[in-house]
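Engineer: In order, the protein sequences belong to chains A and B.
By my numbering, the letter at position 20 of the first sequence is numbered 20, and the numbering carries on one by one without gaps.
Basically my numbering = 1-based index in the second sequence + 178.
Since the hints were made in silico from the structure, they are not lab data.
We treat Cβ as the ideally placed atom computed from N, Cα and C, and that holds for glycine.
Some hints here could point you the wrong way.
[As the list claims (entries may be wrong)] Some, not all, of what chain B presents toward chain A, calculated at C-beta under 10 Å: (1) 240; (2) 241; (3) 297; (4) 329; (5) 332; (6) 337; (7) 339; (8) 344; (9) 358; (10) 361.
[Stated by the list, open to error] Distance condition first, Cα-Cα at most 30 Å in a straight line; then the derived DSS-like pairs of lysine-lysine: (11) A:57 - A:123; (12) A:73 - B:286; (13) B:297 - B:400; (14) B:220 - A:123; (15) A:15 - B:295; (16) A:133 - A:98; (17) A:73 - A:123; (18) A:57 - A:118; (19) A:118 - B:400; (20) A:11 - B:220; (21) B:224 - A:176; (22) B:286 - A:157; (23) A:118 - B:234; (24) B:286 - A:123; (25) B:293 - B:400; (26) A:98 - A:118; (27) A:11 - A:118; (28) A:123 - A:15; (29) B:293 - A:118; (30) A:168 - B:260; (31) B:288 - A:168; (32) A:99 - A:118; (33) A:90 - A:157; (34) A:138 - A:57; (35) A:168 - B:400; (36) B:286 - B:234; (37) A:15 - A:99; (38) A:157 - B:293; (39) B:234 - A:176; (40) A:145 - B:234.
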Amino acid sequence: MRNNNRIDLVKDERKNGEIILPIGHFTLINSEYKNSSKPKISIYGLGSCIALILYDKMHDIAGMSHILLPSSKNGQVENYPHKFADSSVKDLMNEMKKKGAKLDNIKAAIIGGATIFKHQDSKIGVDNIRSIKKELRKLKLKISKQDVGGFKGRIIKFNPNNYSILVKLTQEADFKEI
Amino acid sequence: MKEKDDSILDDLNENTLSRELNDTLMELGNIGSGNAITALSKLLDKKIDMALTILKVVPFWEVPYLYEDPETRVFGILSKIKDNDDLIFLQLYTVESAINLINGLEVKEKSPLQKDKIKVLEDLDDFSLSIISEIGNIVAGHYSSALANLMSIRLVPDVPDVALENVSALIDSIIASNCEGNNYSIIIENRLNLDELEFKGHFFLIPSMETIAHFIHALNLKYDF
Numbered sequence: 001m002r003n004n005n006r007i008d009l010v011k012d013e014r015k016n017g018e019i020i021l022p023i024g025h026f027t028l029i030n031s032e033y034k035n036s037s038k039p040k041i042s043i044y045g046l047g048s049c050i051a052l053i054l055y056d057k058m059h060d061i062a063g064m065s066h067i068l069l070p071s072s073k074n075g076q077v078e079n080y081p082h083k084f085a086d087s088s089v090k091d092l093m094n095e096m097k098k099k100g101a102k103l104d105n106i107k108a109a110i111i112g113g114a115t116i117f118k119h120q121d122s123k124i125g126v127d128n129i130r131s132i133k134k135e136l137r138k139l140k141l142k143i144s145k146q147d148v149g150g151f152k153g154r155i156i157k158f159n160p161n162n163y164s165i166l167v168k169l170t171q172e173a174d175f176k177e178i
Numbered sequence: 179m180k181e182k183d184d185s186i187l188d189d190l191n192e193n194t195l196s197r198e199l200n201d202t203l204m205e206l207g208n209i210g211s212g213n214a215i216t217a218l219s220k221l222l223d224k225k226i227d228m229a230l231t232i233l234k235v236v237p238f239w240e241v242p243y244l245y246e247d248p249e250t251r252v253f254g255i256l257s258k259i260k261d262n263d264d265l266i267f268l269q270l271y272t273v274e275s276a277i278n279l280i281n282g283l284e285v286k287e288k289s290p291l292q293k294d295k296i297k298v299l300e301d302l303d304d305f306s307l308s309i310i311s312e313i314g315n316i317v318a319g320h321y322s323s324a325l326a327n328l329m330s331i332r333l334v335p336d337v338p339d340v341a342l343e344n345v346s347a348l349i350d351s352i353i354a355s356n357c358e359g360n361n362y363s364i365i366i367e368n369r370l371n372l373d374e375l376e377f378k379g380h381f382f383l384i385p386s387m388e389t390i391a392h393f394i395h396a397l398n399l400k401y402d403f
């Protein structure tokens, strides 16, 4: 049941102008913010989850979601569509289009999908990567940046002021731009 | 034959548990961890303190914050006790804690581990890794056998899987299937303390809705509630 007050939309910033994006939530950044005061969006522990970033530089709109599972299966009405890769891509696209983003200009970045426990039969990280790539393909969205897979967790910081995406493995000291 | 208890689901969606369910789950935590800690105590030949069970009903997006600081580096030992992720048992020991414990063993006196050199699991020597695996094995085995005996059901953990990671990155794959059909996880938590070696740990039992119904059914059968 969607209404104008989305419970899964995160707007609250910490004092340092940073939004921490929890699992199953999303955020939208557009030109409502004055120049260079757009908050950065971070996830401090990205294991098997996927961080999806969609951005339209031309219209100055960006969105990010924190995805837990590959597919919503039943297509049930969900308060948290961003729990699932399929519903998250659709929803984030729709929300961005509402703010004026155009399909031709939207690019995608995907980060995460690691396998932390190596000996499990189910590899949720791998399934998440496969699912999100499939959904992006379905909606004709190009993946312009990715840092996915592997066996280590990640920390990610997205800066919508300059569209930079900084990623590091949790045990590393320095961030790299992807 | 699985028995679904719809009232548990209703309770969960409202973020509350009935008093009876609350007490039952707490008791499972007390019994499971009591048995596990007794065994661990014998293994290490040291006194280990245990705090009372904490029962949490947590929305899925808050599960990574089981530790206050989501960037805490921990050894996570994952044991799956039933199929389909229906019952997960997780042990977490901070890297610092585990190193203190290993260094406190006589064998390591001459070549202690250094905390800043242990960044990933591969940085551990075989002996140290085997200590952690053995602790994982003994704790998971004794925790689940205590519950199995209590309820006269079969609960046998898989071989434990060990990882070294930030606690928040480690948790998401664990709760993924638990939270697929619902938005809350029930987490049965116990903390242990071995002051002499500055070693601390956490146990987390994470049952699915079906498993909880199964437990209630088994307890009712056996103890004639």
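Engineer: For this structure, which hints from the list above don't hold up?
Structural biologist: 4, 5, 11, 12, 13, 14, 15, 18, 19, 20, 21, 22, 24, 25, 26, 27, 28, 30, 31, 32, 35, 36, 39, 40
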